[in-house]
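For reference, the chains in residue letters:
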Amino acid sequence: MAAPLTLLLIVAVTIRAVLFRSSLAELISERVEVVSPLNAWKRVVEGLALLDLGVSPYSGDVFHETPLMIYLFHFTVDYAEIVFMVSPYFVDCLSCFLAPLDRFRKQKYALESDRYPADCLELLRSPKEMFYIPLKVAMFYLLNPFTILSCVAKSTCGLNNAIIALFIFCTLKGSALLSGILLALATYQSIYPLTLFAPALLFFLQRLYIPVNLRRSSFWFFTLQYAFIYVGSLVVITGLSFFLLGSWDFIPSVYGFIFSVPDLTPNIGLFWYFFAEMFEHFRLFFICVFQINVFFYTIPLSIKLKEHPVFLIFMQIAIISIFKSYPTVGDVALYMAFLPAWSHLYRFLRNIFLVSCVLLACSALFPVLWHLWIYAGSANSNFYYAITLLFNFGQILLVSDYFYAYLRREHHLIHGLYLKKKDGTEATLVLK
Amino acid sequence: MGLLSDPNRRKALTNLLTRLNAPICMVCYLAAIVWFMGLAFEPFTLRTYMSENAMGSTMVEERFSSGERALSLAKEFDAHKTKAGGMPVEWLVKAMQARGLEVFTQSFSRKLPFPDENKERYMVRGTNVYGILRAPRAPRTEALVITAPCSPGNSNNQAVGLLLALAQYFRNQIFWAKDIIFLVNEHDLIGMQAWLEGYHHTNITGMEYSPLQGRAGSIQAALSLELSSDVITSLDLILEGLNGQLPNLDLANLFYAFCQKLGVLCTIQGKLQRNDWDTAEGYTHAAQTMMLMVLKQACGRSWGDHGLFLRYHIEAASIRGINGFRHYKMDVATIGRLLEGMVRKLNNLLERLHQSYFFYLLPSLSRFVSIGYYMPAFGLLAVILLLRVSFPGLMLHVCFSVSLQPSGPGVLTVLTPVVISHLTGVALYLLPVHLQEMAVEHFPVSETEAVVLTAVAIYTAGLALPHNTQRLLSGEGTEQGWKVLKLTALLYLAVLLGCTALINFSLGFVLAVTLVPITASMTPHMPKALSALAMVLLSPAFTILYCVFIYQELIEAPVSVSEGWMLFLSVISQGILDHALYGSLVYPLLALFVYPCWLMFWNILFWS
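Residue numbers (my numbering), protein chains in the order written: chain A, 35 to 466; chain B, -14 to 593.
Among the clues, some could well be false.
To be verified - Just some of the chain B residues that point at chain A, by a computed CB distance under 7 Å: (1) Phe343; (2) Val480; (3) Cys484.
Unchecked claim - DEER-style ranges, computed between Cβ atoms: (4) Ala449(B) <-> His405(A): 31 to 41 Å; (5) Asn327(A) <-> Asn188(B): 28 to 38 Å; (6) Phe329(A) <-> Val19(B): 49 to 59 Å.
Stated by the list, open to error - With a Cα cut of at most 25 Å, we get these calculated SDA-like pairs of lysine to any residue: (7) Lys338(A) <-> Tyr243(A); (8) Lys(-4)(B) <-> Leu447(A); (9) Lys76(A) <-> Leu87(A); (10) Lys96(B) <-> Leu570(B); (11) Lys(-4)(B) <-> Lys76(A); (12) Lys170(A) <-> Leu570(B); (13) Lys(-4)(B) <-> Ser57(A); (14) Lys170(A) <-> Leu174(B); (15) Lys76(A) <-> Thr187(B); (16) Lys(-4)(B) <-> Ser377(A); (17) Lys281(B) <-> Leu174(B); (18) Lys96(B) <-> Ser377(A); (19) Lys96(B) <-> Tyr241(B); (20) Lys(-4)(B) <-> Lys338(A); (21) Lys(-4)(B) <-> Asp435(A); (22) Lys170(A) <-> Val404(B); (23) Lys(-4)(B) <-> Ser434(A).
If you are wondering where the hints come from, they were derived from the structure by calculation, not from laboratory data. For every residue, glycine included, the Cβ atom is placed at its ideal position computed from N, Cα and C.
Just chain A, same shape as in the assembly:
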């Protein structure tokens, strides 16, 4: 286990180092798919220059990083490449989480195996399969071309991913304090991880054997405790930012920028084209409609998946990366790293082939249509947006497919793998 992991790390570092030194690095860091106005390195440099001159980095409309981030780079700007090289490895921590998780599950299954019908044993994962999952997660993240591109472009998206990964790691390790602090940090970075509060809470409740019951005082006690950690650290972090900068400039410049989407540079998301075409007086209404998408799904998903908080985390991260206002391929890479963890769902996936074809074709078509639109001038924005739509369609299909497969597996675990109709013929499950 350690040897392949080391090999993997060496390969990953080599690829990145080679790309950093090659002439491709500059090209990649200009790609709109890889960097967004929120996390472009060019903008960080601009912010740093302003800070050094004693001007507020948020004066002007270029810099949209959080204050803590700029102070981090203020001290490490000379080692920026190293910071970016290192940040993906925090995501490796993700891989470590699966070890305890699986042990936990194994025990659960051992305890409850008599409860499941006999033919379902093939649905349970063997310890050997589980043994390789951390390695696969690490491979999926470190060797994913999306991550590599994002890292070579020095997009700060990699750091945000690292924070979210650390948060998941601490959550799964069961440390409510660290988890709350890291969740606050992730929220502070990009707001949207706010929706991860629900799955984290559900996980801790499950871990502590507290039933989700609104009339139980123990439920409320723990919820308030976790919420207090979360809100408290959020206040502390925000206050710290205020004291570092001496002004509240960063609130409109970072969070206002995320929410009101003033920058309509094309990206792989759904916002830019829609808001570029829209009449100005509908803007507020549609911003609300678009932004609600990210937050709204938390409620039905938390109800449906309250027994499966880890899967809920995956769903939430995927939804954030699809519906956020400035998505980049780095965000996509984060939830894709989870896919090997659900390798036991493959037999129930229905459209995975179609989805992978769509995602693959779209990744190739993004630069082609960008070239036709911007350089050749023969295509136009509609062509590019069509591919954006297709890409997001693929992602949504992927997530819903995993959701369906997860539910179906649970169904089979309870009702047996080979379902019979009442008249004895083989039954099929239909999701309607």
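Chain A is already provided as a structure; the job is to place chain B on it using the hints.
Below, chain B without anything else, positioned relative to chain A:
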């Protein structure tokens, strides 16, 4: 979504696709060919129309009448050119200055990666001369360009003469709202490339040039002029630019409109328009014209000096005078009037040409096929690949479980052929130019031959690779191994051809027509010798060879096999040169992607 989520209907659909896979693929292929050939049939095409308001409704009266002066200037230019043994820079500068232009020169030099035997040049040194007529009526933020190449020998003198006469005439008009740049470029495309790079402050091809001293506004449109005789019978419009890029269709419409107005015979691809579309000859004529356009576009080179403008977002076309149809004759003054009219309409533009089509094929000058009509022909071919993908896709869960085993045999069996084919592709791309010196030392060939023959040799050597690949593998190739490889290769080919067709439809379509049938049906269980022969005959190199023969046939200059072979070799050297000099993408595309992809299928055939 019902179809995707209802398992019963899904099963029915997959059953249907599996059972009827081969017939459906066959029908798709035939339908694609029939659809494509049907595009030239007049009722299926659209009539061209002017979309740009600024050029459509404004009336222009052409008054240019100094045809004689143009011809005498041409003679004078010819004399000075012969005397100087090249571009008569001083005379040109004086001539332009005398006509009241701001005149500047730009010198450039370029060493070709290997000697160009078609044009007999290796170390190229030259000077561009250009004069700017400043717009009297507007803030000079936009410009138009008229160029005439200064060619060796006594060709193209009339173009330079007409250019100077036009400059003199335009200087006395007051209605110019855009600067007009009159450019005489030496060494055709190389000079043009140097001038354009100088104008836009870029350097993408390693050209050495002196910076431009005078500039005008952003260039909106450009016309390139090629006239070689005093009497012209018809004008030919050339649209195909670098990498198969085409100018906005409105530019062709503009040319056609003025030809109609002045009663000038106009051709495209050197072919006159016929009115008898309902006869077999009429249809064949249109089909030939369209095929010529497809072949020219597919080869991705610039067919006139205008081709390099397109890269900079400048709509441009070349107008070539032809002296062939004996019954019609027109003087230089008529051509001058035609150019005057075109430039004046372009002068009226309020924004860049963008209203009309950028993706089109022209079966004649008055008819066009838009992207919406020709894409289905390619789509039908791409569907075959996807259908074949979905066929082995039934064992997809197997594939996925294989590919998800880290460092298991599944990944390795596929990865080895993929990597080796791509390394061969890289060798094909890099070695011919870099190894020429060594090849010249050891073999009695010239540099150009050395480059081309090295390319052919590496290409052929690539065919011997599968056996080596097999030895590198740990064990025997499994049944599952080739299926996974085929799945990868089919997907790869589909994405590759799709992207190519978007950028350069003709190239994508020509490649798809030859590559799809054999790749879609390839399995290791076919008779080896026969299918190997079929694969070689349908490989990318043979596609180029066929294109050479078909092209020669279409321009009514059929060649024998040995001449065809020589032409094929020169096409390859031109392709490599175009890539090195102007950044044409066809050679790297073929060498780095299409050929390795084809090798992967070759690998499947010899899977044991």
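Evaluation of the provided hints:
1. Because the smallest distance between the Cβ of phenylalanine 343(B) and any Cβ of chain A comes to about 3 Å, under 7 Å, the interface hint for this residue holds.
2. A distance limit of 7 Å between C-beta atoms decides the matter here; for valine 480(B) the minimum to chain A is near 5 Å, and the interface restraint holds.
3. Evaluation of the cysteine 484(B) hint against chain A yields a held restraint, the C-beta minimum of about 5 Å falling below 7 Å.
4. Range check, alanine 449(B) to histidine 405(A): about 36 Å between beta-carbon atoms, so the 31 to 41 Å window is met.
5. Taken as a hint, the range 28 to 38 Å is violated for the pair asparagine 327(A) and asparagine 188(B), whose Cβ atoms sit roughly 46 Å apart.
6. For the pair phenylalanine 329(A) and valine 19(B), the supplied restraint of 49 to 59 Å holds, since their beta-carbon distance comes to about 53 Å.
7. Simply put, lysine 338(A) and tyrosine 243(A) have alpha-carbon atoms about 18 Å apart, close enough for the 25 Å limit, and the pair holds.
8. Distance hint between lysine -4(B) and leucine 447(A) is fulfilled; the C-alpha atoms sit about 24 Å from each other, no more than 25 Å.
9. Between the alpha carbons of lysine 76(A) and leucine 87(A) the distance comes to roughly 17 Å, so the proposed pair stays at or under 25 Å and holds.
10. Between lysine 96(B) and leucine 570(B) the alpha-carbon distance is near 20 Å, which keeps this suggested pair within the 25 Å criterion.
11. The suggested pairing of lysine -4(B) with lysine 76(A) is violated, with an alpha-carbon distance near 51 Å, which exceeds 25 Å.
12. For the suggested pair lysine 170(A) and leucine 570(B), the alpha carbons sit about 37 Å apart, so the restraint of at most 25 Å is broken.
13. At roughly 49 Å between alpha-carbon atoms, lysine -4(B) and serine 57(A) are farther apart than 25 Å, so this suggested pair is violated.
14. A C-alpha spacing of about 53 Å is found between lysine 170(A) and leucine 174(B), which places the hinted pair above 25 Å, so the restraint is violated.
15. With a C-alpha separation of about 22 Å, the suggested pair lysine 76(A) and threonine 187(B) falls inside the 25 Å cut-off, and the hint holds.
16. At most 25 Å may separate the alpha-carbon atoms for a hinted pair to count; lysine -4(B) and serine 377(A) meet this at roughly 23 Å.
17. The suggested pairing of lysine 281(B) with leucine 174(B) holds, with an alpha-carbon distance near 17 Å, which does not exceed 25 Å.
18. A threshold of 25 Å between alpha carbons decides the hint, and for lysine 96(B) with serine 377(A) the separation of about 57 Å lies outside it, so the pair is violated.
19. The suggested pairing of lysine 96(B) with tyrosine 241(B) is violated, with an alpha-carbon distance near 39 Å, which exceeds 25 Å.
20. A threshold of 25 Å between alpha carbons decides the hint, and for lysine -4(B) with lysine 338(A) the separation of about 29 Å lies outside it, so the pair is violated.
21. Proximity of lysine -4(B) to aspartate 435(A) is assessed by CA-CA distance (about 17 Å); at most 25 Å being required, the pair is judged to hold.
22. The suggested pairing of lysine 170(A) with valine 404(B) holds, with an alpha-carbon distance near 22 Å, which does not exceed 25 Å.
23. Between lysine -4(B) and serine 434(A), the direct Cα distance comes to roughly 20 Å. Compliance with the 25 Å bound is thereby established for this hinted pair.
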